[in-house]
Structure formats: C-alpha cells, structure tokens
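A.B. asks: In order, the protein sequence lines correspond to chains A and B.
Following my numbering, the numbering of the first sequence begins with 1 at its first residue and continues without gaps.
Following my numbering, the numbering of the second sequence begins with 1 at its first residue and continues without gaps.
Certain hints may be false.
Straight-line Cα separation of at most 35 Å, DSBU-like style, residue types lysine-lysine; simulated pairs [said to hold, decoys possible]:
hint, chain 1, residue 1, chain 2, residue 2
1, A, 454, B, 63
2, A, 133, A, 358
3, A, 454, B, 2
4, B, 24, A, 229
5, A, 312, A, 84
6, B, 63, A, 450
7, A, 336, A, 294
8, A, 333, A, 358
9, A, 450, B, 24
10, A, 336, A, 399
11, B, 24, A, 147
12, A, 147, A, 454
13, B, 135, A, 404
14, A, 302, A, 333
15, A, 358, A, 249
16, A, 386, A, 454
17, A, 84, A, 386
18, A, 450, B, 2
19, A, 422, B, 2
20, A, 302, A, 147
21, B, 63, A, 229
22, A, 302, A, 386
23, A, 84, A, 404
24, B, 24, A, 454
25, A, 229, A, 147
26, B, 63, A, 386
27, A, 289, A, 312
28, A, 404, B, 2
29, A, 249, A, 336
30, A, 147, A, 380
31, A, 84, A, 289
To be clear, the hints were calculated from the coordinates, so they are not data collected in a lab.
Please read these numbers as outputs of a predicted model, since none were measured by experiment.
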Amino acid sequence: MNKTLMLCCLALAASAPTLASATDHAQLLRQARPDMPLAHPLATQDLAPPPFSLLSERPVKPAYVPTLPGLRSGVTMADDFGRKPPKFDAVFIRQSRIENGEVVIPPGGLAYMEDTWGGEVALRGEPVPVLGKTSTYVDYDMSIVVKENVTIPAGQSVVVGGQVYHYYATVAHGQTASHALHVRTIAGTDWEWAFGAPVLSQTQPQWWGGSQFNQLYNQGQAREVTREKMVFDWLSGVRMDRLLMADQKLFAGAAGAGDHWQAGQRQVRVAAVDAAAGTVTVQVLEGDKVVFSKTLGPVNPKLLIEDTTSRKRLVFEYGDIVGFLSPWPEPFKDGKANLKLYAQAFSLNYGADFAADKRFAVYPVGCPTGHNFGFMLVNKAEIRIKPGAMVDGPQAYFKIAVDKLDGDQVLAWHVQDSLGNKSHNLGGAGIANIDLVLGQGRVAGQAILKDVGKAMLERSYAAAAPSADAGGPLSPALAGGLGIAALGLFALAFELGRRRPKAD
Amino acid sequence: MKRYLSWITLAALAYAALSYFSFKLPATLADAELCGFVAGDFNADGQLAHAPLGAWWISFMRKQEYWTALSVGLAVGFVAHALHIGRRAGSARVAGAAAGGGLLALSALCVSCLAPVLSAVGLGLAGSWLVGVPKWLIALNTLLLTGWGSLVLTRRGAVCPLPPAALPQQYNAAASGPSPQACTVQNQP
Numbered sequence: 001m002n003k004t005l006m007l008c009c010l011a012l013a014a015s016a017p018t019l020a021s022a023t024d025h026a027q028l029l030r031q032a033r034p035d036m037p038l039a040h041p042l043a044t045q046d047l048a049p050p051p052f053s054l055l056s057e058r059p060v061k062p063a064y065v066p067t068l069p070g071l072r073s074g075v076t077m078a079d080d081f082g083r084k085p086p087k088f089d090a091v092f093i094r095q096s097r098i099e100n101g102e103v104v105i106p107p108g109g110l111a112y113m114e115d116t117w118g119g120e121v122a123l124r125g126e127p128v129p130v131l132g133k134t135s136t137y138v139d140y141d142m143s144i145v146v147k148e149n150v151t152i153p154a155g156q157s158v159v160v161g162g163q164v165y166h167y168y169a170t171v172a173h174g175q176t177a178s179h180a181l182h183v184r185t186i187a188g189t190d191w192e193w194a195f196g197a198p199v200l201s202q203t204q205p206q207w208w209g210g211s212q213f214n215q216l217y218n219q220g221q222a223r224e225v226t227r228e229k230m231v232f233d234w235l236s237g238v239r240m241d242r243l244l245m246a247d248q249k250l251f252a253g254a255a256g257a258g259d260h261w262q263a264g265q266r267q268v269r270v271a272a273v274d275a276a277a278g279t280v281t282v283q284v285l286e287g288d289k290v291v292f293s294k295t296l297g298p299v300n301p302k303l304l305i306e307d308t309t310s311r312k313r314l315v316f317e318y319g320d321i322v323g324f325l326s327p328w329p330e331p332f333k334d335g336k337a338n339l340k341l342y343a344q345a346f347s348l349n350y351g352a353d354f355a356a357d358k359r360f361a362v363y364p365v366g367c368p369t370g371h372n373f374g375f376m377l378v379n380k381a382e383i384r385i386k387p388g389a390m391v392d393g394p395q396a397y398f399k400i401a402v403d404k405l406d407g408d409q410v411l412a413w414h415v416q417d418s419l420g421n422k423s424h425n426l427g428g429a430g431i432a433n434i435d436l437v438l439g440q441g442r443v444a445g446q447a448i449l450k451d452v453g454k455a456m457l458e459r460s461y462a463a464a465a466p467s468a469d470a471g472g473p474l475s476p477a478l479a480g481g482l483g484i485a486a487l488g489l490f491a492l493a494f495e496l497g498r499r500r501p502k503a504d
Numbered sequence: 001m002k003r004y005l006s007w008i009t010l011a012a013l014a015y016a017a018l019s020y021f022s023f024k025l026p027a028t029l030a031d032a033e034l035c036g037f038v039a040g041d042f043n044a045d046g047q048l049a050h051a052p053l054g055a056w057w058i059s060f061m062r063k064q065e066y067w068t069a070l071s072v073g074l075a076v077g078f079v080a081h082a083l084h085i086g087r088r089a090g091s092a093r094v095a096g097a098a099a100g101g102g103l104l105a106l107s108a109l110c111v112s113c114l115a116p117v118l119s120a121v122g123l124g125l126a127g128s129w130l131v132g133v134p135k136w137l138i139a140l141n142t143l144l145l146t147g148w149g150s151l152v153l154t155r156r157g158a159v160c161p162l163p164p165a166a167l168p169q170q171y172n173a174a175a176s177g178p179s180p181q182a183c184t185v186q187n188q189p
C-alpha cells in the first residue's frame, strides 16, 4: 500500500464518527440462546447512510413504472443447491425538482437497487445481478451498530446502522396506550413481513414486550415511551459493510492434495487435506513462489453461516482470488475437500465508490439474519437535466430523459433501458418533479407501497383520466356545475328584467 | 346593502380563521403534497421551511381556498340577509332561501381543505362527487344564485309589508302599499 493510499484511509477513518462508549455494548445485546455468541462484530464507526433514508424523504407523488423489457423483473437464478429467489431491478428518484429551466436530482436522489425478493445467502454459489452482468455472491462482512440515547419523535424516523426505525403509531385503550415501531432498511425493505413490528408500552406492562424489543440483532431498550416520543437507552441495527462477489468460477467440487488451477499468471493449489481434522490448506503461487497460504476449516455447523468467526474460518481471499471450503452437502468425502474457487473477485463496500462507475456510491442492504437484501447505487453529485437531454444511470444500465418543461411543470419525461425501450410519457400538466418508483421487487413492488402507494395510484389515475383541458368529455359533476351556472345566470337576468320600468 | 356586505365579509373572514386554526404543519412530504407544498418548501433536514402563519398562507393560496372563503361568505351572508328580511318576504320563501344558502355553503365546504376535518358529518361523500367541480365555479354559482335570491327577497320584502300586529301602533296608520289581504292574494300561484 503506497503512502497516499494509507493517508487517504487514515483520513477516511478519522472523518467517520466513532462509536466509542463507556458501556460494553456486547453486554447489552441479547443472544438468541445463552450458548450462542454474537454472530457479527460490533461496529467501531458510524458510517453515514445514503441520503433520503428517512421516511419523510420518500419520493413525492412519484410516477410508477412496473418494469422495462431490458430490466430484470422476477428473473430466477438458481444457486448451487437449487434455491432461486426472484431478482428485480428497481429505480427510485427522490426529491427531484425544477430549477432554472432544468430538472435537478439532488445527491442521493437517483438510486438503482438490486431488489431481491428473498435473502441472498453466502457460501452457496448464489448468482446476484450486478447491472448488466451476473456475479456470484461469495461472502460478506456485517457489523452491529449500537447507538445510545436515541430519541424518535412520533411520526419520525432515525437510522441506526443500515436500519431505519420509524415511530409509526400510538393506539390508546382506556387510560393506556401501545406504541408501534416499524423497522425498515436504508433501502426501504420493511421487515414487518418477516419479523412483525415491535410494540412498546409502559402502561400495558402485561402485554407486548414492555420497553424492549428484539428483531435478531436489531434490538432496543426504551426508557420513555409516550405519545410524543420514544427515548431509547440504546438502539442497535445491523449494517452490511461489504459484499464479496466474483465474476469467474475456477472450480467447484472435490479437491485432493496437489490439485491445482490456473488463474491468469497465478496458480491456486491444494497443499494438504486433513479430513480427520476437518481442514484443507490452500496456497496461491506466483511462478514457483507461494505468496499465500491458509488452512480452511474445520466446519462448525451449529453456528453457520451467520457466525462471522465460523464462516471466515472457511473462506480465503488473495487479491481477486477467493474461495471457501463448502460445508454442504458435506465438507469432506473420500479424503477430498469440497472446495469452491473463484477469480475476478470484487467488493461492494458500504458507502464506497462503485468501482465500475464512480459517479455512484454503493450501499449493500443487510437483513438482521445475516442475509443480504440487494444493494443500492446512488448518485454522489447533483444531476441536472435540460429539456431534450438525458442522463445515464450507473453503467448506462438505464437512462432518465427530460423531454419537455413548461415553467414549473414537467410536461414530458421518460425512463428507458439500455436497449432503448422507453416508458410511456411520465410527465403532464401539474407534474412538478420526476420522482419515480420503478420495479416490482421486495421494496419497489411491496414495501414502498405502504409509504407512497396512495400517491402513486392517484397520480396514475389522474394521468390516465381524460382531462377537460385535453378536450375530453365533461365529468357529470362539472357538467352539473356549469348547468347550475347557466340557470343562475338566466334567473338573475330574468329578475333584473322584471325590474325595468314598463313603457306606457 | 352595507349590512349585507358586512355579513359576507365577516363570514369569509371567519372561514379563513377556521382554516388557520385547523391547519397543521405537515410532517411528511406526502402530507405536505396534499396541502399544496412541494419539495422546495422543505429544508435539508426534511422540515417545512416556513413559519406556521406563512405555511398556512402558502397552502391557502395554492389550494385556492380564497374561492371557498368567497363562497362561504356569499352563502352565509345570504342566509343572514334572508333571516333579516324575515316575514316581509313570506316565511316559506325565507325558509327556502335560508336552506338554499346553507346548501351552497355546504357544497363549498365539501371541496374545501376543511373537508377532512369535518368528515365526521359526511362531507366527504359529497366532496368526492364535487371534487371535479373547480372552486371558482362553485364561487360563481354561489354568486349568481345568492344574487338572484337577494333580488327576489328584496322585491318581495318591498311589496309585502309586515302585518299590522307585527308593527308598533304608531306605524300602522302610516303603512302604505297594498293591504295584507291583497298581498296574500297576490302570493297565490
């Protein structure tokens, strides 16, 4: 690592708020069972979430596009064991506006999301779409962020780690009340379908969970719960810090000592297999020189795959070469190790640049189980689009085009895929932004509907209905109103006519 | 006439005051959209960048609530005018005018921003039908109908004096115009 890079890393580390505390957060968190350690390490730094993670920052009256032919919608890709959760592409535009004759999308306002329907699981050879290509999801780094003294005013939300806590509702019963907390991810994944919604109450102590809740490692301990606010002694939320992916499969199967595979100028070799000890030693050679060696195993089936220590024991990384001792269906058979090797590996790090298009930052989306729920790519700099111009999404996987503005109205705009397939015109009279929800996955097709579904339906209906301005038929109500006006005018004229003095 | 205009003004101002006191600062952008706000009205913290009075005024103007205030003022002023003229115009006619004025005021309220607040009395149902009628047209209709009604009531009030029993004694001798009997005959269809 050169000096410049080291200085950059140190500067980055110094700029992120630390999570130092006199309290041992590991003692606060509750394990599933007394004999289970915390699956993920505690975070030492509080990394900023992507912009517009809060509930109040959802798209405003957005257009809805189900999908486009060149985007994924419900595409299934089987992992090494036949599991195939459907995959979707999603695009969101938040907080866009018209300014000086241009459409402006603020930093973070344009978000692409790999919007999986089911959790993405490491060590299973699961294919995960990364825009136009499909990579293999190998491993991950997840941490638990704990924040102390957190206040959530009623109706508001806060971010902890990669999770968003939303004080959703108070329900009164006599002189008592219960208070509902919704938990979502930074992308909007709503965990209610999986874990329900925590309900806290200090006035109904024999119902609910009192003042504490657990959603695996999303946990909290409240000290004050009222109609006005929830005040937590501490709140925790998991954060998916890194996804380890790979583009090339080198090998998958039974490997014995001496087996080797070429990865460019390097060679991956099995140095030794000790089935009795449950270990296999893997080496990477450059020429005749061993530049990397690691003994993988043994497998701890009771704690896999969430437990970080147990999982990392099975995985090796050397540059862009990665691999692992597969625990399934069995790690060893007939004296050989069940090995999976990959090349062209890369990482998607929380908040870091997306290497393939550095205009965008990447944010993996973590589930408190330890599964991954897709990733987001959000624009780092403000985007300005003049009428008649278009802007590329990440790697030009899709484009946003503004066709016609009229003052503070976007009369015509559309989104199109990389094949040139366009949505219908999403603009029109009264449309003041290009906020968008595109897709049918777990977020775009389900969770976000709870927040903006009504506005999207109203907007879609208004766009589809014939308008009076367009010369369409009058609505019965409007026709009635005009009829009453005509009658009123006639009656008024008649009455005034009666008052004119009659000529003798 | 001056009294009539005062009633209209007072009723319109009362509606504006009611609108102000029932106005709540929207907490989310979705709520704000319903009140006529746009993303540019929010600051970087996601909070509305206007003081309560300014926010209400912006919402009042953007939602064209001034038409509703005018409609309510005209309708309530007309009801007050009809009741003031009283029996001179005929009690059935006054009752009809008051009911008509009330109906006009109600129709204006149905499409106003107060409708959700008042939905307990069923305004929402009528509002959903009237939502296609612009507020300016409701105001125009109210102006035409109350104008016509006022002219009719004024004409009838001038033609038919109050019966003698309703007037102080000293005015009976000086009462002019047709007798109550003539008026009754004249009122028959």
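A.B. asks: Are the hints correct? Go through all of them and say.
C.D. replies: The hints, checked one at a time:
1. 454/A - 63/B: 20 Å, holds
2. 133/A - 358/A: Satisfied, since the Cα-Cα distance of roughly 17 Å is no more than 35 Å.
3. 454/A - 2/B: 48 Å, violated
4. 24/B - 229/A: Measuring from Cα to Cα gives roughly 18 Å; hence the hint holds.
5. 312/A - 84/A: Roughly 24 Å separates the two Cα atoms, so the pair holds.
6. 63/B - 450/A: 26 Å, holds
7. 336/A - 294/A: The hint holds at about 17 Å.
8. 333/A - 358/A: 45 Å, violated
9. 450/A - 24/B: 22 Å, holds
10. 336/A - 399/A: Answer violated: residue 336/A to residue 399/A is near 49 Å, above 35 Å.
11. 24/B - 147/A: Answer holds: residue 24/B to residue 147/A is near 32 Å, not above 35 Å.
12. 147/A - 454/A: 34 Å, holds
13. 135/B - 404/A: 29 Å, holds
14. 302/A - 333/A: 20 Å, holds
15. 358/A - 249/A: 26 Å, holds
16. 386/A - 454/A: 30 Å, holds
17. 84/A - 386/A: It is violated: about 42 Å lies between the C-alpha atoms, which goes past 35 Å.
18. 450/A - 2/B: 54 Å, violated
19. 422/A - 2/B: 63 Å, violated
20. 302/A - 147/A: 30 Å, holds
21. 63/B - 229/A: Holds. Residue 63/B to residue 229/A sits at ~32 Å (cutoff 35 Å).
22. 302/A - 386/A: 57 Å, violated
23. 84/A - 404/A: It is violated: about 42 Å lies between the C-alpha atoms, which goes past 35 Å.
24. 24/B - 454/A: 21 Å, holds
25. 229/A - 147/A: Given that 35 Å is the threshold and the Cα spacing comes to 17 Å, the pair holds.
26. 63/B - 386/A: 29 Å, holds
27. 289/A - 312/A: Holds, at about 25 Å.
28. 404/A - 2/B: 51 Å, violated
29. 249/A - 336/A: 19 Å, holds
30. 147/A - 380/A: Answer holds: residue 147/A to residue 380/A is near 26 Å, not above 35 Å.
31. 84/A - 289/A: 40 Å, violated
The structure fails to meet hints 3, 8, 10, 17, 18, 19, 22, 23, 28, 31 from the earlier list, while all remaining hints are met.
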